[in-house]
Each structure stands twice: as C-alpha cells, then as structure tokens.
Amino acid sequence: MIEIKSLTHTYKNNGVRTDAIKDINLTIPDGKITAIIGHTGSGKSTLIQHLNGLLKPDSGDILLDGISIYDSKKISMKEVRRKVGLVFQYPEYQLFEETVYKDIAFAPKNYGCTKEEIDERVHLAAKAVGLKESNLQKSPFELSGGQKRKAAIAGVLAMKPEVLVLDEPAAGLDPFGREKILYEIGKICSEEAISVVLVSHSMEEVATCAHKIAVMHGGEIKMTGSPSEIFTKVKELEQMRLDIPQITKILNELRLKGISVPEDIFSVKEAANWILKNIPVNKGN
Amino acid sequence: MLKDITLGQYYKGDSAVHKLDPRTKILITIALLVSLFMIKSWWGFLPVVLFLLATIFLSGVPFLFVVKGLKAIAVLVMITGLFNVFLTDGTVWFKFYFLTATYEGLSLAGFMVVRICLLIVVTSLLTLTTTPIMLTDGIESLLKPLKKIKVPVHEFAMMMTIALRFIPTIMEETDKIMKAQSARGADFETGSLLKRAKALIPILIPLFISAFRRADELAVAMECRCYHGDTNRTKMKQLHYTWLDCLALLLVLVLFAFQFIAEGIKI
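Heads up: the protein sequence lines correspond to chains W and H, in order.
With our numbering as the guide, the letters of the first sequence map in order to residues 1 to 285.
With our numbering as the guide, the letters of the second sequence map in order to residues 1 to 267.
So here's chain H without its partners, still in its complex pose (with noise of 0.2 Å):
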C-alpha cells in the first residue's frame, strides 16, 4: 500500500534521458511547467504530449508506471473539474438543484484536467529518471549564484539530500510499526473516521521517536567526519554538460516554436 507511491520515486535505467544533466533537465522541467500555464488552446497541449510521450518511450520508464503516479492526485482533480464545471458562467447545460452546469465550465474543467495531469506527468519524468542524489546536485549548482548574496545554498541542497534519503527508511520503518502494532489487535482499517485517526497514534508516535533519534545519530555523525557545511568542500561526483545535453535544449526549443505555431491555430 506503501509502496504504491511513485511521485519522487526513482526508476533505474540507463538511457538518454537517465543521462543527462540534472541541471538541464531541470531547467527544461522548469520550461515546460511554465509553458503549461501560458497554453490557452487546446491545439497548444499536443506539441507537449508528443514530446513527453518520446521522452516517456526514450527513458525506458513503462508508461503504466508513468500514470500511476496519477492516481495519488485523482481526488484533487475530480474536485478542480467540479468546481469548473459548476461554478463558470455561460450558456446552461444542465440545471441540479442549485447547481448549474454550462458548457464553457465543461470545456475549461476539461482544460484544467489535462493541465494538471500534464503537470504531474512532466515533474514525476524528472524525479522517475534522476536519483535524489543528482537532483539535489543539480539545484544547488543551478542555485549557486545565489550564494552571492549570503543564502545557504549548500546547506538548504544538503537538507533535502538528507530528507529524500530517509524516506524509504522511513515507509519500512512505518511499515514495522504497523505490523507490531497489528501484533497486538489494532486495527487500522475499519471503523469510523474518527476511529480510524485515533488509530494512528500508536504509529505515529514511535516513528515521530525514531525519526528524531535517527536525525541525532546522523548529526553525531557528520560531526565526527568534521563535517562544515560548504567552505572548501569538494564533490566526488561533478557535474559535466555533454553534447546530449545540448541535443536535449535544441529539441526543447523546436518544441516551444512548435507550440507557438500550434497556439495559432483556431478551431
């Protein structure tokens, strides 16, 4: 049940898109998601879904395992499709109680679905094909220019290379509470809402205790292998821009001219 999470979860492999820079493909993240939000037809989405469904085919990820990462947002956009539908001004579709459905609400809730799956999809391509590892690497060089003006750039990298990787400890961890406490006659699965939250605190409680005893291991640690934060650190693994890297933003600029010939079409 755990496990069924793939939202920042790496999926190994070997291929082009694995091998480029985490730098650019974040900057090429990044560039997607904004053009996402300046798409205002519905020929603008295609050159997009192309493009993500090549990169979905080139990664070696399987599309399935894509979409499941989908499902952990379901709710949130049946309840924007809702509210899109009910609550825009137009011509009427249907009328329910003191609901009224119109079609430019149908039209812009469809909009917004696929936008935001669109979004989901293009965010969880860069966290299936980069290690939290190179992830974080990335950002703190693509950041680095901010250290200029004294924001702990390094720090803030280490802290989210720290908490990305306790996260599986943590789900085992969660998951062994569960089952002891499962041992002894819980019951986490029915019973009212109330019941069910109540439920929680004989797991919570001790992964709370473990998690900040581990936080204090790990600082101890880093103490005692003198650890000092950024000055005069160097990185075993260096980041390097190759010529696939430079491949990777020419086709992200083809897409982009695409779309602005696509955003002119009109139905």
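Next up, chain W with everything else stripped away, as it sits in the complex (with noise of 0.2 Å):
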C-alpha cells in the first residue's frame, strides 16, 4: 500500500518556480487498480516520478507500506524502485538491447539475480503480458509497436514489483492494442495480486479496468472515489477538460428518464446487453 501525504512538488527553471503537484493526499490500495485522471500539464506525470523517488518533493512524504521511502535508514532507493515499478509513456523507447530476453533481464540483472533466477524471472514477465515466447530471440526493434511496448513493460515487471505504475500505456496505440493492452494489465493486476496505478488522460480508457480513480487539475487532486461516484459528476469532470465515456452518458440520460440502470455498467457491452434484456422493443414506433 501507498499513502502519499500532502505532497508538493515546484519546478524552479531560471528563477521562475512552477507549481507541478499541490497538497496531494492519496492512498493506492493493494492488489487493486487505481486510474490517474487528468488533462495534459495536470501534474499526473509529476506526481507518479515520486512514487519510485526519480524526483524528490519540495514536502510531503509518501510512505510505502508504512516506511518512508526517504528514509534511506530503513529502505535504499534502489529497493523502492524495485517495489514500485515505473513504466514511462511510450516506454518502447527505452529498449537497446540486442534480444528481448536481455532487455527484459536488464532489470534483474541490476538486482544481482543469479542465472536461472533472470531466466526464470524473463519467461514469467513474457508470460504476463503476453508475449509470445518466439518473440524473446528477436530483436527489440523487429517488433511491432504494441509488442515493443509489452516487452517494455515486461522489463519493469521482471523486477516483481509490488506495485507497477504506468504512465498512459495505451498511448498511440491502435484501438485493437490498446484494448489489448488494458486487458493484460487488468489480468496482471489480478493475477499476480499487484496494485496497479494507471495514469491517463481518457474515461474511456479506465472506465472498465480501475477500481478507484483519482482526478487532476491544476496540480491538485480534486476528486477520488469509484468510477460509479466519479462518473456522476459530469458537470465538475468538464469544468476541468475531461469526458465521462460516452456509454455512461446514454446510461445517465436513461436513468434521468426515471429507468433504473444498475451502476456497476460500465463497457458497451454489458449496457447492450442490459439493454436488451430489460428494455422492451417498441415495435410500433
């Protein structure tokens, strides 16, 4: 678990200092995903480069299962970082080795893991994102966009983080691997029992996958709660730039039309479906 404690951070460029996160107070629970919302510039990127200690807060404090990950007494930084991994946006770019197999090893191998325990570590993380294992021979840059992007994200998990943290992983993607993408990191998060937090900028993208989901603006947390509370507020989520998916808007005009849609729908097709069951067809109309 990860509690963050009124966390500010200000980037001070040639005397001219900028707010980029304010008082954030948040608590990513276990085993659970938590979805970052904002528009671009909201501080979302800022605010997660804390969670592994890359940049260090003007005050506040971020407690990793209770220990502060500051307190370089009890924690090194080099073990935060293995207990959260962070997966950068488009972090395909990061990949230079000359197979995959070594570039996922690259992070087990900076942890002093013995032969077999790498070799082990590589297939299991394929494995997670499914990546077929034909694939880990290949070179990095043989592979396609959504497939370099898998082995990235891969090369974090090989480090068995507690908590893997992604910053917009569907980002350029087509809708086919974006989609598919999305569903490995829900199986990821589920199978392996590690909490997730993923940062986008699109309701669309986490409304079906997160648990809990934590809205931006401003460098602020201005909203947290289930999609199903956050999906109410429509009015404050475009006063800050953001759109509620377009299937919850038809459900909240048929709920304003006094027919009562459960609040746990949240993709298209379970509303299709829902529809279709309980609405009944008009044939005269």
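Careful, some of the hints might be misleading.
To be verified - Ranges of calculated distance between the beta carbons of each label pair, as one might list FRET restraints: (1) H:Gly191 with W:Thr27: 32 to 40 Å; (2) W:Glu179 with H:Leu194: 21 to 29 Å; (3) W:Gly41 with H:Leu64: 54 to 62 Å; (4) H:Leu64 with W:Asp58: 22 to 30 Å.
Simulated from the structure, these hints should not be mistaken for lab results.
Glycine residues also receive a C-beta, built at the ideal position from the N, C-alpha and C atoms.
Put the complex together from the two separate chains, hints included.
Take a look at the structure:
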C-alpha cells in the first residue's frame, strides 16, 4: 500500500517557479487498479515520478507499506525502485539490447539475480504481458509497436514489483492494441496480485478496468472515488476538460428518464446486454 | 546536472547587446578573439577585461551566469596551467622529483589561464545574447561571398540551425531515458570507471535510435513542404544594420586603440 501525504513539488527554472503538484493526499490500495486521470499538464507525470523516488518533493512524504521511502536507514532507493515499478510513457524508446530476452533481463541483472532466477523471471514477465516465446530471441527493433510496448512493460515486471505504475500505457496504439494492453494490465493485477496505478487522460480507457479513480487538475487532486461515484459528477469533470465515457452518458440519460440502470455497468457490451434484456422493444414505433 | 551547461545557451533579454545585428556581434567576437592572441603584456588585457565587464553589464546577463560557463573548461585550464609552470625553462622556483617549476613558467601559466578564460567569456557572451537562429543567419550572411566559389553556405547554415535546435530536445530525451533506466535499477553514479562507462550503453543506444528517427521524420517533413535549399528562398526576418551596430563597431575600434597604447606600457 502506498500512502501519499501532502506532497508538493515545485519546478524551478531560471528563477521561474511553477507548482507542478500541490498538497497531494492519496492512498493506493493493495491488489487494485487505481487510475489517475487528468488532462495534459495536470501534474500526473510529476506525481508518479515521486512514487519511486525519481523526483524529490519540496514537502510531504510517501509511505510504502508504512515506511517512508526517503528514510534511507530503513529502505534504500534502489529497493524502492524495485518495489514500485515505473513504466514511462512510450516505454519502447528505452529498449536497447540485442534481443528482447536480454532487455527484459536488464532489471533483474541490475538487482543481482542469478542466471536461473533471471531466466525464470524473463519467461514469467513475458508470459504475464502476453509476449510470445518466439519473440524473445528477436531484436526489440523488429517487433511491432504494441509488442515493443509489451516487451518494455515486461522489462519492469521482471523486477517483481509490488506496485506497477504505468504512464499512459495505451498512448499511440491502435484501438485493438489499446484494448489488448489494458486487458493484459487487468490480468496482471488480478493474477500476479500486483497493485496497479494507471495514468491516463481518457475516462473511456479506465472506466472498465479501474477500481478507484483520482481526478487531477492544476496539480491538485480534485476528487477520488469508485468509477460509478466519479461518473455522476459530469459537470465538474467537464470544467476540468474531462469527459465521461459515451456509454455512461447514455446510461445517465436513461436514468434521468426514470429507468433504473444498475450503477456498475461501464462497458458497451454490458450496457447493450442490459438494455436488450430490460427495455422492451416497441415494434409500433 | 545537464542544465549546468551555459556554453552555447541563450539568455533571454531585451538589451542593446541583444538587439545588435548578429553579423556585428560575430565580427566583434572574431576581432576580440584575434586581439586576445596578439596581446603580449599583462597591461594589454586590461582594456579587453573592462570592455567585457561593460558588455556584460549592458547585456543584463547575471555575471555569475557568464562565469558558470568557465566551470566546464576548468580541467583544461588547470592542465594548461600546470604544463606551463613545469615545462618552461628559466629561473628555478622549486623542484618536485623530476619536475622543475620556474618563475617564467608561472608567469606564462597565469597569462595562458587568463587568455583561455577570456576567450570563453567572449564566445559565451555571443551565444548568451544571440539566439541560435540569429547566429546562423548571421553566419550565412557573412559567408555569402563564398557562394561565388560554389561553397554550399546555405546548406551549412541549415545544418547548424537544425543541430542547435535539437540540443535542448536531445537533452530532455537523455533525461527521460536516464530516468527510465534508473527505474529499472540502472546505476550511473557508483562503481569503477569502466563500470560507469558501460552504464552509459543503455542511455546512448536509445538516444541514437531516437536521434536517427527524428532526423528521418524531419527530412520527410521538410520534403513535404517542398524544401529545396537555397534557390529563390526568402527570409521572414531580414537582417538590418542600425546605428547601434555603427556605435558598437566604433567602440571596438576605440578599444583596440587603447589596447595598442596599453601594450606599450612597460612594467
């Protein structure tokens, strides 16, 4: 579990100060997917770079399982970075080895794993992201965009992190690749018992998989809650230049018309099924 | 850490120095550089130092910001100094094993150090007060006569512009890749020299790949806009000499007159 306590970070550039994040308080629960949503420049990326200590805050603290990550006597920064695996935006640009296998092995090697351990971790990580065995001996630059991204995520998973933080994991992928990668992330969360932090600017993307949503705007967290709680606040979200998923909009309209649609429907498929089952078709119209 | 490099960085401002035509500034810089090499006595430095101090004051660039650029060449300056102290013949100052320091060497070393530092200050003043684009425009315009003998001046200037334009982008990219690799437990700060050199591989390979990708994308984008190089190309911002440039050139002439007099002073 990660607890973020009144975290503030200010960028200083040639004497100009910009508050990137202000007084952030957030708890990231174990074994769940937490989504951080905000439009470009809302401070999401700055916030998550604090989670594994890449950036130092001006004030505030982060507790990882109750221990402050800045307390070098109790936990080393290297260990923090292993426990909290951070996958940057467009992670495929960090691939550098001759083969995908070697690239995934980079992190476990840095943490001094034995050869057998490395081998085991590489295969497990590749399997977890849905990367075929036959791709492991290829050069990472031969893979397609979606596969490259999977390889890069596997490179972080191979550290066996307790928390996996992903910055816009689906950015720049086609709709099919997008859905697939989000599906794999959901699977990783439930099967490997890893907590996931998902950063995105699209509600559509996180609606179906997130358990908890935190909405950021102007460097602050404006609201947190379950998807169904967040999606009722359409007006506030629109003021923050965010939109709720289209299907949720339709269901909200139905609710206004007096039809009691259950709160936990977020995907188009579920909604279609429910509507077909519960709303009678009027043949005369 | 990467942000500490002042050499070749522009300091935003609206001073008279900033407003000078880049061609004037380049010519003055070249003249100052040549004069620095011609100075033979300590007194000769005085007018240049005063001139530079006045220019820094006028430009509004913080003095410390200019001096920070010297940090990058500290090692070079030290080595030059040491070599001169120990390898010049003359009256013995002290002996250290097989090395002999001389008074003549000491004076020569001091001279060299001052000269190198001034060279750096002069050139960084140029880049601090002139945007890279203006600089290449100025160079292109100054080198125009070479076109007569078929030197591709415009193409050179374009390559320089592109190179300068991408320095900040690539620095940003380096920072990002370093962070991404540290997130995977890479360590760049500890270990032997060999280990640290090896630790650069995970940074350099992605950096080169993305640089090539960018170059490719830029080339395609330029072709899409029918870029053809020099022929029939006009400029959005034309360079014009103003009375400021005349004044600056006059001042430099006065400076050289002073320098000529100062050189004559015997200690």
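Status of each hint after checking the structure:
no., hint, in the structure
1, H:Gly191 with W:Thr27: 32 to 40 Å, "37 Å, holds"
2, W:Glu179 with H:Leu194: 21 to 29 Å, "46 Å, violated"
3, W:Gly41 with H:Leu64: 54 to 62 Å, "31 Å, violated"
4, H:Leu64 with W:Asp58: 22 to 30 Å, "24 Å, holds"
When held up to the earlier numbered hints, the structure conflicts with 2, 3 and fits the remainder.
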